[in-house]
Amino acid sequence: MSSSAENPTLTAEITKPSTEIATETAQSAKKITLKTSDDQIFEVEESVAMEFATVKSFFEDAPSSTDTVPLPNVPAKPFSQVIEFCKEQIKFKANPDETEKKRSNSEFVKEKTNEDLVEMIPVANYLEIKDLLDVLNQAVADRIQNRSVEYVRSFFGIDNDFTSEEEALLREEHAWAFEDVDED
Amino acid sequence: MKRRNHVSPTRPRGCRDDAQTRGGGDDFRPISALPIQNLVDILSRLPFKTIFSCMCVCKKWKDLILDPEFAKLHHARAPASLILRSRRHGRRRGPRSLCLLDLEASDICSPDAAVKFSPDFGFPSGNFEIVNTCNGLICIRHFHSPNDIRITILNPLVGDSITLPLTKKKHRSYVSSWFGHSPETDEYKVIQFVQQPSRLMEAEIYTLGKGTWTSIHGGTLPPPVDLRCHDAFVDGCLHWIVNDPSISEFIYCLEIGRELFQPVPAPPHLGPDDKNRAEDMVLGVLAGRLYFFEYPLGDHFDIWVMKQYGVQDSWTKEFILRNPSTDLIWYRDLYRPLSLLRNGEILMAHKSKAMVSYNPEDRSFRFLKIYGIQNFEANPYVPSFLSPRNIVNGDNTSSSNIQSR
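Protein sequence lines, in the order shown, are assigned to chains A and B. Heads up: the first sequence runs through residues 4 to 187, numbered per the numbering used here. Heads up: the second sequence runs through residues 363 to 767, numbered per the numbering used here.
There may be inaccurate statements among the hints.
Which residues of chain B face chain A? A few of them, derived with a C-beta cut under 8 Å, are [claimed, not checked]:
| hint | residue |
| --- | --- |
| 1 | 404 |
| 2 | 411 |
| 3 | 418 |
| 4 | 419 |
| 5 | 420 |
| 6 | 421 |
| 7 | 425 |
| 8 | 465 |
| 9 | 468 |
| 10 | 472 |
| 11 | 475 |
| 12 | 476 |
| 13 | 477 |
| 14 | 507 |
| 15 | 511 |
| 16 | 512 |
Source of the hints: derived by calculation from the structure; they are not laboratory data. Every value quoted in this text rests on a predicted model; they were computed, and no experiment measured them. The beta carbon of each residue, even a glycine, is placed where N, CA and C say it ideally should be.
The task is simple: from the sequences and hints, build the whole structure.
In structure tokens:
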């Protein structure tokens, strides 16, 4: 959060390589202004914003609106990463290449921390970005598969509410599932 | 929190460093704040072994995983698998081992692909045979005594089973039983074919949740069923080859939802003169489609696939397998195609001990040694968390929740 505090108006271009900013400016595509829950203003290209089903339906109801769209459930940090994903996605809309799309998606999640992934899920859910949700949920599943119970709890920040007797019984019933898990 | 022997902080995993995998950070938002549907979606993508350990995470997770809605979501994503059971050989009467083989694992011969079922997964301790499987449920015939042969529907993953009541009829000659699901009526049914002393075939059906055996349509006689027919269910219809020369059709099916017998178009190359070879014809299912082939195989083995269900012209000679060895005789039941693997190979049970996969691209056969088990019979299976008792819901069958020991 500290970096965004120094820079109150984040724009989507921050995550873009400089060459692409140039082309975008040249095209001067229509921008949509969005405001996050922590009062950051994002100016996002219309084509990217239309990837957010929630925002899209907002404009379907009010096509000529130039108002800033409030996103009360969306903090800036995960939102900028969501924008990064959607910018990549629209490239594949014009030019479908499943293999390249898969590679790009796996590249996207690979460089994200667990925290990043977990924070983006409610944002993708609120904005109804189905493809991203699918990618994120799978990425989280991949990171916890074959891991110990303790690892999974710490990953999600969950407190164990079983008594030690209850947990021992559960573990005994399915002892095989607790063998050969990956080391933490 | 107790974390004893798992700690090994130096092991690198992918590109993530330890701080990342810990999921720490000051403004870390616990995922428990996630919408439930996202959490359930994540859990449904896990291998079932991890799902079991996730039941121990907290009470909320355990309830989510045991919910019937989770079972549906998970089953739709669960990997195609096989249940393998070792054969009894010689006079040794030790327990036969059972294991679950994940066919979508990157290497199906690796130890990771095979999970061994110890006897406490709810399988009966006595003598039983696996009939077939459907939606993660396994149908077994359980031999208590020569006059007491029971059918049990079991889900080893949830340790839950139901045993069907005995039919009131005296069966002189049992032929076969099958377990299936009708997508139209969402009913699970067990079909039993029996031969009466008059040599006539009869079919009885038991709907889970209804509680009684009934004759199909007041005793409509089914076309003769081949004793050796395989598990050929497609879309809630059980298929078999009719080898009775007085019936002109080659393939019949029982639509288990409406309980109707119907002829199904056979591959177009079959004519009336071929009827005398019907005993050597085999049906099965590959990737959800009906397949057909016939013995003797000669120097090649042609698998016909009905690409569009019910359309005769859609039967296509999809795979032609060349016999790898000229001195090998392709006798009946030498190969039984089981599944299409992700890499395009056809996985087949082999009469000798192993499993064989055939690569249609370079026409090569590969013998597969499965970790921890040899000389086995194999049944296609898709793991699920569906509870047989939830299906029955008030039925008068005896049910039990088998506690594993």
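Results for each hint:
1. The restraint placing residue 404 (chain B) at the interface with chain A holds, with a minimum CB-CB distance near 5 Å, inside the 8 Å limit.
2. With a cut of 8 Å, the hint placing residue 411 (chain B) at the interface with chain A holds, because the nearest CB-to-CB distance is about 5 Å.
3. Look at residue 418 (chain B): its Cβ gets to within about 5 Å of chain A, closer than 8 Å, so that hint holds up.
4. Checking residue 419 (chain B) against chain A: minimum C-beta separation of about 5 Å stays under 8 Å; hint holds.
5. Interface hint status for residue 420 (chain B): upheld, as the beta-carbon distance to the closest one in chain A is roughly 5 Å, under 8 Å.
6. Hint status for residue 421 (chain B) relative to chain A: holds, with the closest Cβ pair at about 5 Å, below 8 Å.
7. The beta carbon of residue 425 (chain B) is not positioned within 8 Å of any beta carbon in chain A (closest approach about 11 Å), and the interface hint is therefore violated.
8. Because the beta carbon of residue 465 (chain B) sits about 17 Å from the nearest beta carbon in chain A, more than 8 Å, this interface hint is broken.
9. The beta carbon of residue 468 (chain B) is not positioned within 8 Å of any beta carbon in chain A (closest approach about 13 Å), and the interface hint is therefore violated.
10. For the restraint placing residue 472 (chain B) at the interface with chain A, the shortest Cβ-Cβ distance is roughly 12 Å, beyond the 8 Å limit, so the hint is violated.
11. Hint on residue 475 (chain B) is violated. Least Cβ distance to chain A is approximately 13 Å, over the 8 Å limit.
12. Given hint, residue 476 (chain B) at the interface with chain A, is violated; its Cβ is 12 Å from that chain's nearest Cβ, farther than 8 Å.
13. Given hint, residue 477 (chain B) at the interface with chain A, holds; its Cβ is 7 Å from that chain's nearest Cβ, closer than 8 Å.
14. Checking residue 507 (chain B) against chain A: minimum C-beta separation of about 31 Å lies over 8 Å; hint violated.
15. Proximity of residue 511 (chain B) to chain A is violated relative to the hint, the smallest CB-CB distance being about 30 Å (cut-off 8 Å).
16. For residue 512 (chain B), the interface hint is violated, the least distance from its beta-carbon to any beta-carbon of chain A being 25 Å, above 8 Å.
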